[in-house]
Amino acid sequence: MIRSALKIYYKLLEKGQINNLSDSELFFEYKKDDVREQLYQFEEELEFKLLDVGNTVYLIPNLENDILGFSTKDLRENIATNATLTETYLQSYIFMIIFFMFYGGKNTNPIQREFVLTRDLIENVDNRMQTYIDSKEGTEAYEEQYGINFLRIAEFWMSKQVANETSRKTKIGTIIKAYSQLEKENLIRVLEDGNQIRRTKKMDDIFLYYYLDENRVREIHSIFEKKVEDYA
Amino acid sequence: MFDFLEGFQDRMEFAAIVDSIVNRKNTNLEIEGWFNKEELDNLFFSLLVYIMEQTLSENDDCTMHNIAVFLDDVLPFYNKEMDFDMVVKLAEYMVKDILQNKGLVKTYGIMNYFKSMEEVRIRLISDKITDDGKITYQLTDQGYNFLFRTKEVDKELDFKLEQLKLRELLKRKNYKHALNQSKQLVSMLRQKKREIDEFINKVRRNIHEVDREEYEKLIKETYDLIDEEYEGMLELREGVKQDKFRIKKETEETGYIDETMKSALKSLDDINRNLQSVISEQRNLIGKRFNMNDIYEDTIKNSFFSSIVKRYDFEKEIIVPLENISEKEIYDLWKLMTPLYGASLRKILNLSLIYQRQGKLRETDENEESTIDNRFEEDFSAERRKEQNEISYGIIESLFRYAARLNSAFTFSDFYNHIAENSQRLTACVTEKRIFLIILKLYEIGLIDVGQWQVRDRNDVIAEANGEFDLAWCLYRMENKQPDYFNISKIYIEKSESKFRAQVEERYGQEVIRSSIDMDDFRIVPVMEKEGE
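These protein sequence lines are chains A and B, in that order.
Counting from 1, one number per residue, gives the positions in the first sequence under this note's numbering.
Counting from 1001, one number per residue, gives the positions in the second sequence under this note's numbering.
So here's chain A without its partners, still in its complex pose (with noise of 0.2 Å):
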C-alpha cells in the first residue's frame, strides 16, 4: 500500500500526472481507497494537492510550498540569466493574457477560442498596454508611491521593435518566449511556425477543474495583497 502510493507520488514528481493510459498499472492503484488515504496524508504534509479530472491525476503544489513550486527567479532564469523584474512582469501578464484569451468565456464553459492567433495576441496586450498609457496622468502619482508599476510595463513593452525578429527586444520575440515556456509546460501547442497556438488537455483540465474554481478567489486574492513585509 506505502509502496503504491510512493510510486504514484514518485511518477507526478516525475511526470505532473498519470493518466489511465500510460500508467494504466499505477492509476489502477491509485483507485484503490487504502492507496488514496495514504496519498492525502501525502498531500498535508508534503503541500501538495492532487487534481482528479477522471481520467487524469495532475500533481498541483501549493502556492507557498517553494520546494515543488515556483520562485520569481526561476520565472526569471526561464528568460534568462539576467532578465530583470520588469521582463518576468511583462511576461506574467503576457501569459495571463493568453489564458484569459482562451479562459474568459462568461458561460457554463469558459473555453472561448480554440486557438489564438499571434498577431491577435500582440494586438490584445498593444490595445490594453496602450489604454493604460493613454491614462497615464492619473497613475503617476501610483508610480511615485510605488517604483515599479504597469505604466512602466506598459512603456517597457510599447518600446519594444515590431520586427519580425525572435529577440528579447522585439514584441514577437518576447511573446515567442513566452510560448516556450507554456510549451515546455505542456499548456500550449505552438503551431504554423509560432503564428497561433492551441489549448492542450493538461491546461484545459488544470483551468476547468481547479484553477478557474471559484474556491480560488481568497487565495488569488492573497497573492495580490502580500505586503512587502512579508518577506522580511
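What the hints contain is simulated information worked out from the structure, not anything from laboratory work.
Quick caveat, the model's predicted, so the values are computed rather than measured.
Mixed in with the good hints, there may be bad ones.
[Claimed, not checked] Straight-line alpha carbon distances no greater than 35 Å define the calculated DSBU-like cross-link-like pairs of lysine-lysine that follow:
1. A:Lys160 with B:Lys1316
2. A:Lys201 with B:Lys1128
3. B:Lys1202 with A:Lys31
4. A:Lys11 with B:Lys1202
5. A:Lys202 with B:Lys1386
6. A:Lys106 with B:Lys1134
7. B:Lys1089 with A:Lys106
8. A:Lys184 with B:Lys1134
9. A:Lys160 with B:Lys1128
10. B:Lys1025 with A:Lys169
11. B:Lys1025 with A:Lys201
12. B:Lys1288 with A:Lys11
13. A:Lys15 with B:Lys1134
14. A:Lys15 with B:Lys1310
15. A:Lys11 with B:Lys1386
16. B:Lys1310 with A:Lys7
17. B:Lys1106 with B:Lys1134
18. A:Lys106 with B:Lys1310
19. A:Lys169 with B:Lys1128
20. B:Lys1102 with A:Lys201
21. B:Lys1288 with A:Lys32
22. B:Lys1310 with A:Lys31
23. B:Lys1025 with A:Lys160
24. B:Lys1386 with A:Lys160
25. A:Lys169 with B:Lys1102
26. B:Lys1220 with A:Lys202
27. B:Lys1102 with A:Lys15
28. A:Lys106 with B:Lys1217
29. B:Lys1080 with B:Lys1106
30. B:Lys1386 with A:Lys201
31. B:Lys1441 with A:Lys184
32. A:Lys15 with B:Lys1386
33. A:Lys202 with B:Lys1106
34. B:Lys1134 with A:Lys202
35. A:Lys7 with B:Lys1202
36. A:Lys15 with B:Lys1128
[Stated by the list, open to error] Listed next, the stretches of chain A that the computed footprint assigns to chain B, with coverage defined by at least 3 CB atoms under 8 Å from CB atoms of chain B:
37. 9-21
38. 109-123
A virtual CB, placed ideally from N, CA and C, is assigned to each residue, including glycine.
With the hints as your guide, set chain B onto chain A.
What follows is chain B alone, placed relative to chain A:
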C-alpha cells in the same frame, strides 16, 4: 395557430450562416479593398465549396497552402492578378479571421417560436492537426448542410430517399443519372463518417462544447444509415451485377455493341464500384458508432463534476489586479503559475546544477540593452541538430568517396584508418560514438541501394533530419551535392570474421574521456554503376 412557424429556426440558421459571411466581422480594410464587395462574397462561398470537395474526397490535403493555390486558380475569373504572397494573406484572412472568426465562438440569436430565443453557434469550417503538426481544414456538419441543401439535394431528402432514387434510376436503366446518384450516396456516407470523427475529436477536446441533442441526433442518423439500409445496398449491388450480366449476354448473343451499350456497361462498372464503397463505408460506420458511444459516455462520466464548478471572473480577479500591482507585490507573481507548472523538483535535487554557469541576479531593471546571448534553447538545439546531421552526412559521403576510390571490397577498419588520417575529422566522427553507431545502423540495413533510392516517390520530401542518423536524408543530400553518387550503385555491408578495436577520445568541455571500442568488423562491398548506364 403558429404551425407555419414550425422549423423557423432552421430557416434562420441559414440566414445566420449567410450573415456570418456577407456581414462579416473582423474585416481587414486592406484586403477588402482588393475586391468589390460582391466579388469577395462569391469568393467566400466558392472557398467553402472547395473545402467541401476536399472534405468529401477524404484527402488530408486541405491546408492553408492548398487553399491559397485554389484561390490563386480562381482569381483570374475575377480579373485579379496577385503575387502568391498576397494570395496566402488573402487565404489566411478568409479562413482564420472570417470563417473561423479568429478562433472565437460565433453565435446568432434565433427565435424558436416553440421554445424561446436561442443563441445558435455558427461554425462552417473546423480544423484538425495532423500527426506531423500540419493544420488541415474541413467543413463542419453545419457548413455541409448549408452547401448541400443550397444545391445538391432538396431539403427533405435523406439517405433512404437517395437510395430509393438510385433504385428507381436503375429500374429505368438511366445509368448515367444512376451513376451520379451513387456518387451522392458515397458522399453522404463519407460526410457522416467525417462527422463522427469530428464529434469524437470534439468530445476529446472539450466535452463542454458538446450538446447532448447533437449526440443523439448523430447516433440516430447513423443508425438510419447503417442498420436499415445495409441490406438494401447489398440488393442494389446485386441488381447492378445482374444488369451488367444481362447487357453482356445480349451483346454476346447478337454480336452487336453500340456506344450506348458501351457507356451503360462503363456506368454500371462505376456504379458497382461506388456501391462497394458505400457498403464498406457502412461497415466502417458500425465500428465507429460504438467507438463514439464509448468515448462519449466515458468522457461525460469523467467530466461530470467539472460542470458544477462555479468559476470566477478571470479578468476581474487576475488581469485587473495585475495591471494595478505594486512593486511590493510582484515577488509573489510566480504563484499564479504554480498550479500550472506542476512539480519542479530537479532544481533542488539536481547536483549538476552546482556546476552550471551561475547567472548574475539583479533586482532592478538597470539596462534594457542586455549583452546576453538572445538565442533561445530551441536555437541551440537546432544548431546542434544541424551539426550532428553534417557529421552523419560527412561520414556517408566519405564512405562513398572511399569506396569509389578503392572500387573493391574493404573493411570498416580500413575506412576508420582512412578517417583517422585527419585528426580533426576523426574527432568529429567519434564524438558521441557517431561513426560506430552509423556502421552498426548500416549493417542493420544491410544494403545501400542507390538505384532503388533514385526511383523513390519524389513526393517523399525529406526536409531535415532530426540529428539522428538518417540514411534517406544523407542520400537525399548527396543527390544534390554529388548527383552521380560517385558512380556507385550499391554498397553491401556484411559482418566480417575479424574484430575491430580502437581507442577513442571524446572531449566534454575541458574534460577528455577515453574509451575503447571493441566490436565485430564489417566488410563493405561497393558495386559500381556499369558504364553507359
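Structure-based check of each hint:
1. A:Lys160 with B:Lys1316: holds, 27 Å
2. A:Lys201 with B:Lys1128: holds, 15 Å
3. B:Lys1202 with A:Lys31: Cα-Cα ~27 Å, so holds.
4. A:Lys11 with B:Lys1202: OK: lysine 11 (chain A) and lysine 1202 (chain B) at ~29 Å, within 35 Å.
5. A:Lys202 with B:Lys1386: holds, 32 Å
6. A:Lys106 with B:Lys1134: holds, 31 Å
7. B:Lys1089 with A:Lys106: With Cα atoms ~32 Å apart, lysine 1089 (chain B) and lysine 106 (chain A) stay inside 35 Å; holds.
8. A:Lys184 with B:Lys1134: With a Cα-Cα distance of about 20 Å, the restraint between lysine 184 (chain A) and lysine 1134 (chain B) holds, given a limit of 35 Å.
9. A:Lys160 with B:Lys1128: holds, 34 Å
10. B:Lys1025 with A:Lys169: Between lysine 1025 (chain B) and lysine 169 (chain A) the Cα gap is close to 33 Å, so the pair holds against 35 Å.
11. B:Lys1025 with A:Lys201: Judged against 35 Å, a Cα distance of about 30 Å means the pair holds.
12. B:Lys1288 with A:Lys11: holds, 34 Å
13. A:Lys15 with B:Lys1134: holds, 27 Å
14. A:Lys15 with B:Lys1310: holds, 29 Å
15. A:Lys11 with B:Lys1386: Roughly 34 Å between the alpha carbons, so the hint for lysine 11 (chain A) and lysine 1386 (chain B) holds.
16. B:Lys1310 with A:Lys7: holds, 33 Å
17. B:Lys1106 with B:Lys1134: holds, 24 Å
18. A:Lys106 with B:Lys1310: holds, 11 Å
19. A:Lys169 with B:Lys1128: Distance of about 34 Å is within 35 Å: holds.
20. B:Lys1102 with A:Lys201: At roughly 21 Å apart (the allowed maximum being 35 Å), lysine 201 (chain A) and lysine 1102 (chain B) satisfy the hint.
21. B:Lys1288 with A:Lys32: The given pair, whose Cα atoms are some 32 Å apart, holds under the 35 Å limit.
22. B:Lys1310 with A:Lys31: OK: lysine 1310 (chain B) and lysine 31 (chain A) at ~26 Å, within 35 Å.
23. B:Lys1025 with A:Lys160: Satisfied, since the Cα-Cα distance of roughly 29 Å is no more than 35 Å.
24. B:Lys1386 with A:Lys160: holds, 31 Å
25. A:Lys169 with B:Lys1102: Answer holds: lysine 169 (chain A) to lysine 1102 (chain B) is near 27 Å, not above 35 Å.
26. B:Lys1220 with A:Lys202: holds, 32 Å
27. B:Lys1102 with A:Lys15: holds, 33 Å
28. A:Lys106 with B:Lys1217: holds, 27 Å
29. B:Lys1080 with B:Lys1106: Since the Cα atoms of lysine 1080 (chain B) and lysine 1106 (chain B) sit roughly 31 Å apart, the hinted pair holds (cutoff 35 Å).
30. B:Lys1386 with A:Lys201: Holds: lysine 1386 (chain B) and lysine 201 (chain A) sit about 32 Å apart, inside 35 Å.
31. B:Lys1441 with A:Lys184: It holds: about 31 Å lies between the C-alpha atoms, which stays within 35 Å.
32. A:Lys15 with B:Lys1386: Roughly 29 Å separates the two Cα atoms, so the pair holds.
33. A:Lys202 with B:Lys1106: holds, 25 Å
34. B:Lys1134 with A:Lys202: holds, 21 Å
35. A:Lys7 with B:Lys1202: The hint holds at about 33 Å.
36. A:Lys15 with B:Lys1128: Satisfied, since the Cα-Cα distance of roughly 27 Å is no more than 35 Å.
37. 9-21: holds (count 4)
38. 109-123: holds (count 10)
Hint violations for this structure: none, all hints satisfied.
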